[in-house]
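Using the hints, position chains B and C against chain A.
Protein chains in written order, with the working numbering: chain A, 3 to 253; chain B, 593 to 986; chain C, 82 to 166.
Hints are computed from structural coordinates only; laboratory data are not their basis.
The model shown is predicted, which means the values in this text are computed figures rather than measured ones.
All residues carry an ideal CB built from backbone N, CA and C; glycine is no exception.
Warning: the hint list may mix true and false statements.
Per label pair, the in silico range of CB-to-CB distance [stated by the list, open to error]:
1) A:N223 / B:S868: 46 to 54 Å
2) B:S899 / A:T101: 50 to 58 Å
3) A:L226 / B:A870: 50 to 58 Å
4) A:S102 / B:S899: 21 to 29 Å
5) C:E133 / B:Q705: 20 to 28 Å
6) A:S102 / B:P849: 32 to 40 Å
7) A:G103 / C:D142: 18 to 26 Å
8) B:P953 / A:A185: 49 to 57 Å
9) B:Q761 / A:T216: 50 to 58 Å
10) B:L943 / C:Q108: 20 to 28 Å
11) A:P46 / B:P849: 45 to 53 Å
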Amino acid sequence: MKRHTFGICGYALAASTQIDTHASSILFPLSNDIHSLQRSQILPDPYPAFGRLTTSEKYIVALASCALKTTIDRAATGICIGNVYGSISSDRDYWKTVTSGFPSPALFPSTLPSSPAAETAIALKCKGPLRVFCGPSAGFHAFLSSLALLSQVNETILLIEYSKDPDSAEFGWGSALCLSNKANFAGDFLQIDSETEVDSLAPGASDDKLYLYTLVHALKNHTLFQKRSRVGLKTITVSLQYKEFEHGTAH
Amino acid sequence: MGRIAIAGLGAISALGTNLDSTFLAIAEGVDGLKPFNEFDTGLKAHPSLASISQPLCKVPFSPPSRTAHLAALAIQESLQPISNRKGLRLGLVFATTVGGITNSERVYQHLIQNKISVAEAAHGFNSHEATSCSGYLANMVQAQGFYTLSTACSSGLHAIGMAKRLIEQDQFDLCLAVGADALSLLTIRGFAGLLLLDAAGCRPFDATRAGTSLGEGAGSMLLASDHAMEKRNLSSLGFISGYGSSADCHHMTAPHPEGDGAKRSVKQALLDAQLSSADINAIASHGTGTPDNDYAEIQGMKSVFASLPPFYSVKRSLGHTLGASGTLEAVIAARCLQEGVIPRTVGFNQLDERIGCAPSPLQKTMLTHILKNSFGFGGNNASVIISKSQTEVL
Amino acid sequence: MEQLIENLKKQIVETLKLADIDPASIQTDAPLIGAGLGLDSIDTLELLVLLEKEYGITIPDVNVGRSVFASVRSLAEFITSQKKI
Chain A
3 MKRHTFGICG YALAASTQID THASSILFPL SNDIHSLQRS QILPDPYPAF GRLTTSEKYI
63 VALASCALKT TIDRAATGIC IGNVYGSISS DRDYWKTVTS GFPSPALFPS TLPSSPAAET
123 AIALKCKGPL RVFCGPSAGF HAFLSSLALL SQVNETILLI EYSKDPDSAE FGWGSALCLS
183 NKANFAGDFL QIDSETEVDS LAPGASDDKL YLYTLVHALK NHTLFQKRSR VGLKTITVSL
243 QYKEFEHGTA H
Chain B
593 MGRIAIAGLG AISALGTNLD STFLAIAEGV DGLKPFNEFD TGLKAHPSLA SISQPLCKVP
653 FSPPSRTAHL AALAIQESLQ PISNRKGLRL GLVFATTVGG ITNSERVYQH LIQNKISVAE
713 AAHGFNSHEA TSCSGYLANM VQAQGFYTLS TACSSGLHAI GMAKRLIEQD QFDLCLAVGA
773 DALSLLTIRG FAGLLLLDAA GCRPFDATRA GTSLGEGAGS MLLASDHAME KRNLSSLGFI
833 SGYGSSADCH HMTAPHPEGD GAKRSVKQAL LDAQLSSADI NAIASHGTGT PDNDYAEIQG
893 MKSVFASLPP FYSVKRSLGH TLGASGTLEA VIAARCLQEG VIPRTVGFNQ LDERIGCAPS
953 PLQKTMLTHI LKNSFGFGGN NASVIISKSQ TEVL
Chain C
82 MEQLIENLKK QIVETLKLAD IDPASIQTDA PLIGAGLGLD SIDTLELLVL LEKEYGITIP
142 DVNVGRSVFA SVRSLAEFIT SQKKI
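Just chain A, same shape as in the assembly (with noise of 0.2 Å):
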């Protein structure tokens, strides 16, 4: 069994079109239609940009933000995100741009599934490393590398989660964690446990979309999260148990 423990900056859980957050300090006053969001709701700081971006890259930078409220050292934050649908609805909004003879230089970016990652490192001034995984199994992938990057040399690791179209029933959920390794860390923090197994059956991979979404909305309720979760041969489960701080306490 492998046992990580790391630091809780914040996190921030989404459900249907509202963003409802407990991040560490600040709660975030946010109520009204995602469509909707200013600038002012999410960044202090004016953002010029920050009309053009799409509803998802919005979405994804107001979750980002939500999660990171606490002061930590954004130059070594990286970020992981895992997505089931990549890019799809921004892929056709700028086709219509296309096929009416205007292409808008502004919506190309969009097109790639990795622009809300890098709106949000832009917007958040995160320099550490981006990661971006597409499939139904992403918001897994996205931890699993998490946890390995968090293992290694970053300070600290923005993770999200969402299933995008905006304009579809689908656009349900969105989830963000911020964890640190870093050993003074003052502030509640997760242990987690995860043991894999190899067993000879044929290879598959489970459907995980709400991985992230089950563990963050765990996590606000204190209780503990435990998850099999099938990647080829291996069934990796992980449980995870929020540990509040106590002064004094070395973990």
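Same frame as chain A, now just chains B and C:
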């Protein structure tokens, strides 16, 4: 972290349908660009692109898209050195930016012209996402796990870095890092709309450079653990010794003007490889030919290297293959390392005083470590160091 | 001319989806790109599309573009001069 052996290499590009032919053309300095007329781009003039015009060889099952087809061909070549994979865990990291968009474009077009119903269109979008390619490829090679990465033009190099990490963490014994992208109307119009295409074809690092040129292709690199190399008596084609990555935090389409992100990514790769900058013999640059990229890249390199090693760009030969470029160009760099060749940069003629240095002429020389850089939209940077083993050097 | 300037300000804010900016607050003679409104290279390209789409005007090269996008007034003057031809 340790070095991970390269056990197989595969490539398909506008220059050739395998690595041998692609490498020979690179070493000879062939210009891979030609006026593109495979489909109507809606642009006033046919853009100069590096497209693969010959029909693609058949692959098992039926690939869901051209991107997947190109990837499958590169994978088959890179798996040739190993005939028996029984008892070895194989992983796949697939990188792309366009995925199956070439299919979706046809669906959009048919929808607009009312040639198909919405239900038929929905079926057509099954192959849209990148995962449709990686799922098909994983099935083709019977991989025991696969990841799909998409981080713009650095995707392909991140795939190599990630495959290295997966083997280091003992997740797999063998891991394929694959990058592929087919030419699509969406990317051609997108780059044209951002005024990033040079009408005269890209001229990396040249004083008069005015943009890049797009291309298509795929690269595949098979990485293997020491245990797998020994068990199957494989000979190493080089090693991946270092990997670094960073974000610019600057702009969605423009690089940081001083190459700050590029600098941090290279430094991390050197740290990972436990090498100093003086150990690097050549740089396989990103070198797209856009005025901003080439300047920023060299600025970034100057801040890492006290004296800049010889550098080159293959963008005029291969075109900018976007999500494939990192893997495809690293596969070629690995062959350059083996053969002791630094290719000349096709398209370069005139020194840019602002950059202050010229890419290397064709050189036959002893190489030990090559640095490969890839930078993507959004300031997404990756660097990988490809090395010969110490014994080979001695 | 004044009407055109007013329209342009509205179109700029709309096309570029400028957050936090009231069209009336854009200064007619202030630089359009870089300082001031904080427009970047992508915005400049969107303005080129706007000119082509709304006014049927294409800008031949970068140097002309630089002087055209110097301010809202220079943009309005350029559109007027093109219409006369």
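Here's how the hints hold up against the structure:
Taking 46 to 54 Å as the suggested C-beta distance range, the pair N223 of chain A and S868 of chain B conforms, at roughly 50 Å. In this structure, S899 of chain B and T101 of chain A meet the distance hint of 50 to 58 Å, their C-beta atoms being roughly 52 Å apart. The hint said 50 to 58 Å for the Cβ distance between L226 of chain A and A870 of chain B, and at roughly 52 Å that hint holds. A hinted range of 21 to 29 Å for the beta carbons of S102 of chain A and S899 of chain B is inconsistent with their spacing of about 52 Å.
Taken as a hint, the range 20 to 28 Å holds for the pair E133 of chain C and Q705 of chain B, whose Cβ atoms sit roughly 25 Å apart. For S102 of chain A and P849 of chain B, the Cβ-Cβ distance of about 34 Å falls inside the hinted range of 32 to 40 Å, so the restraint holds. A C-beta distance of roughly 22 Å is found between G103 of chain A and D142 of chain C, which places it inside the suggested range of 18 to 26 Å. Take P953 of chain B and A185 of chain A: their Cβ atoms lie about 51 Å apart, and the range 49 to 57 Å holds.
At about 24 Å, the CB distance of Q761 of chain B to T216 of chain A disagrees with the hint of 50 to 58 Å. Separated by about 42 Å at the C-beta atoms, L943 of chain B and Q108 of chain C break the suggested range of 20 to 28 Å. Hint check: P46 of chain A to P849 of chain B, Cβ distance near 25 Å, so the stated range 45 to 53 Å is violated.
Consistency note: the structure conflicts with the earlier hints numbered 4, 9, 10 and 11.
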